[in-house]
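Asker: The lines below spell out each chain.
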Amino acid sequence: MLFNSFEYLVFFPLVFILYWGINNHLKAQNLLLLLSSYVFYAWWDWRFLSLIILSSFIDYQVGLNIYRAVSEKIKKRWLLVSLTANLGLLGVFKYYNFFAESFTDLTSTIGWHPNDLTLNIILPVGISFYTFQTLSYTIDIYREKLEPTTDKIAFFTYIALFPQLVAGPIERASNLLPQITTKRQFKKTFFKEGIVQIFVGLFRKIVIADTLGIYVDSVYGNLEIHDASTTILATIFYAFQIYYDFAGYSDMAIGSAKLIGFDFKQNFNLPYFSTSLTEFWRRWHMSLSFWLRDYLYISLGGNRKGIKITYRNLMLTMLLGGLWHGSSWNFIIWGCIHGLVLALEKYLNSNNYLPRLRNIKILGFLCTFSVVIFSWIFFRAQTLHEAITAIKNIFDADFSIPFLGDLTTLINAVSMLCLGILFDAFLFKKQIHLEQLGANFSTPKIVGTLTIIALLIMLFYSTSNNFIYFQF
Amino acid sequence: MNREHIKYLLKFISIFLVVSLIADKLIFLTLNTFSDQVYSGQSIGKLNHYLKTKDSVDVLIYGSSRANHHIDPKYLSNSAFNMGIDGCKMAYPTTLLKLLNTDKKQIILFHIGIDYAFDENYLGEDIKTLNIKYNRNDDIKKEIDRLNQNNPLQEIYWSIGYNGMLPGIFKNYFHPNYDYKTYNGFDGLKINKKQQSAFKHELDNSIPKPCDDSYILNPLYDNYLQEIKSFCDSHNKTVIFFTAPTYSDECKTDNQAMQKIMDNMSLTYYDFTDFFSSDSRLELWKDSTHLSDTGAAIFSAEIGSLLEPVLKQLN
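Residue numbers (the working numbering), protein chains in the order written: chain A, 1254 to 1725; chain B, 302 to 616.
Quick caveat, the hints were computed from the structure, so don't treat them as lab data. A hint or two may mislead.
[As the list claims (entries may be wrong)] Straight-line distance between alpha carbons at most 20 Å, and here's what the computed SDA-like set of lysine to any residue pairs gives:
hint, chain 1, residue 1, chain 2, residue 2
1, A, Lys1698, B, Ile316
2, A, Lys1440, B, Asp488
3, B, Lys355, B, Asp488
4, A, Lys1436, B, Arg437
5, B, Lys495, A, Gly1474
6, A, Lys1398, A, Leu1593
7, A, Lys1441, B, Ile316
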C-alpha cells in the first residue's frame, strides 16, 4: 500500500479511529498496530509477510538468548545466528542473482561458460530496511546497550510498524521499542506536526518528484540521442527527484507515525545545502548513514586505528552502503565515489587544508553538489553501459539547447521545483526542522497551510510513480 | 484520547473541509473564466474550439496523434476540423463524437490504432484528458464514471479537473499560440536534422515486432465501434474508419484481423498502413508511426481524393 494511494486514505483514518478508540488497552492497541501493519504489507504481496514474521521470530529469540548467554562465546554465537539468518535472507533475495551473474561473467573471461546460475527471484519490498532494523536490535543487545523485550507483540510491532516498514526510516529499537511498550497519549502538538509533515511529504512526492520524473525518464530512457546539456539537466532533475521522492516518503512516514503517537527520528535535513560530503551524509537518509556509521564503520575500527585504516573503513562502509541500495555495479561505483571523496575530505581536514577553505562556503556547496550530482548518474542509470553513455554525453560537451519534452509538464515541474527549493531555503535560513514546523501553528494557520498545499497538489500532482526507494 | 481531543479533531476536520472546499470552488470558478476564453493549445484550447465548431463543419477527424499529424483537413474540405489529440485512443474521441448533437450531415474520419485495438490492457485511460470538463458537462462526466477513470476526490474538489493545465491555460489566455479562426486542427510535424538522426537511430536499433497468431479486439474498442456505428446511423453521419501509415510494418496478421473485424461489423475501413511502402524517403517521417508535414501532405491529398465522391454527395 502506498502512502499516496486511495487505499491509504481509507486505511489510515480507519486505523487512526480504531487505534485511539482503544487507547486504554496498550496490548490491544499494539495488536491492532501489528495486524494493520501486516495488512499494509500484504496489500503489496502477502507471500513475503512470512519473511518478516520469520525474521521477527528469529531476532526475538536471539535477542533473549544473547542477553541470557553465560559467556562471551555463546553471546557471539547467537549474534552470528542473527547475522547469518538476516543477511542470508537478504543475500538470497537481493544479491544471489548479481553474484551468480558476476561469477558467470568472470568465468567466461577464462573460457569457462557454466550454465545459467540465476534464479527467478522477486525482491520483497522493504527487506533491506527491516533487515537492518532487526540487526540493530540484536547487535545493540550484544553490545549491552539494550535489554531485550519479552513482549512478543511489542517486538513484532517494532519490526512491522507500517509507517516505517517498507522504506524506513530505519528506526532503532532503543528509540522505538520503549515507545511501543509504554502507553501513548494523543498530543495536539504531535497531531499538528504530523499532519503538516504528511501534506508537505505528499506535495514533495506527487507534485515535485513525480513531475520531474517524467522528464528524467524520457531522457534516461533514450540517452543515446541526447547531448550534454540535456543529460546534465536530466541528472540535476534526478537529483531533486530522488530527494523529494524519498524525503517525501519519509515525511509521510514520520507524519503518519506522529498521528498515532510515535516520534520517529529525522531522516532528511535539507541535504543539498551541505558544504561537504561528510555533512551531506549527516543530512541525507540519516537513519541509514547513522546505521552504517554505528554498526559498520565503528565495528571496522572507525577512525581509531590510524589514518590509513580510517580511509579503508570509509571506503568499505560506502561500498557496502552502495551495495545495500541494490545489487549492481552501478551502486558499487556510486558507493565508491562517495567513499573516495569522503576519504579525500578526511585527508584535507587532517592536513588542515579544508578548514582554510571553509570560509568560502559557496565553494564547498558547489563541490559537494557536483560530486553528488555526478554520482547520481550511476544511481539512475539502469546499467553500467547506460551510465557510461550519460558520462560520454556530458564530456562530449555538446551544449546546444536541451531537449525540453512536453513544455507544459516541464513548466509545471520547474515551477513546483522552485517552490520546493524556496520552502527548503526558508527552513534552512530559519533553522527549522520540518518535523517541528506545525508545532506552534494555530488552527487557522494550519488549516490555511494545508488548504494551500492541498490546492497545489490538486492542480499540479502527477500520475504517481512507485517510490524510488521501494526497489531497494 | 479524551473528549476534548475528539472535539478538537472534529472541529479541525470540519474547518479544514469547509475552508478547502470554498477555496477549491473559488479557484475552479476563476479558472473556468480563464479557460473558457482559451481557443489555442492542445490541452484546453483545441477542445474549446471543437465544442464551438463541431456542429457547423462538414468533416471531422478523430483519433490520436496519428490522426492529428497526418490529415490536413484543407485537402478534404474548407469546412473540416481535425480533432486528433496526442495520446488519445478510443474513449476520448468517441466521447467527443457523441457530443455532436445535431442531425447535420457530416463525414467522420475516425483513426484506429491497430496496436491499441488489440491491447487487452486498454481501459479507456485517455478519457482522463476530458477531466477538465468533468464537473461541467454531464455527458463527459457519465462517460468518465462509466469507465471508472474518475478521481473520486473530484466529486468534491472540482479544481482537480485543471490538474497539470495551468501553464497551458494562462499561456494561451495571455498569448495565444495561433489565431484559432484560421486553425483547422491539423498540426504538421516539421522535422529538424536532430529528429531525423534520432529516427535513423531508432530504425538502426529497432527490433522486429513479434507477430501473434490470433488477435482479440479489446472489449472497449468493440463496444465503442458499435456505439459509433449506431450513433452515426441515427444522427446522419457518415463514418469512415482508417489506420494511418506506418514506416515498415512487418507484421500483417494484425492488419488482416482488424480488417476482418471491421468487415464483420459492416464498418467502412481503410487500412493505410503500407501507404508509403514503395517510398522509403526518411524525410517523410518523424518516427516510425508519425509522418512529417511533407509526408502528411501526400497522405492528406490521397484521403482527399478518396473522399471526393462522398463529399460531393454531402454538398
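Asker: Does B:Ile316 sit within 20 Å of A:Lys1698, going by the straight-line distance between their CA atoms?
Answerer: 11 Å, holds
Asker: Going straight from one Cα to the other, do B:Lys355 and B:Asp488 come out at no more than 20 Å?
Answerer: 18 Å, holds
Asker: Has the given pair, B:Lys495 with A:Gly1474, been kept, meaning a C-alpha gap of at most 20 Å?
Answerer: Holds - the C-alpha atoms of A:Gly1474 and B:Lys495 are around 17 Å apart, at most 20 Å.
Asker: Mind checking the alpha carbons of A:Lys1441 and B:Ile316 for me, to see if they're no more than 20 Å apart?
Answerer: 16 Å, holds
Asker: Holds or violated: A:Lys1436 with B:Arg437, Cα cutoff 20 Å?
Answerer: 51 Å, violated
Asker: Keeping to a limit of 20 Å between CA atoms, is the pair of A:Lys1398 and A:Leu1593 held or broken?
Answerer: Violated, at roughly 32 Å.
Asker: Straight-line Cα separation of A:Lys1440 and B:Asp488 no greater than 20 Å?
Answerer: 59 Å, violated
When each numbered hint is compared with the structure, violations occur for hints 2, 4 and 6.
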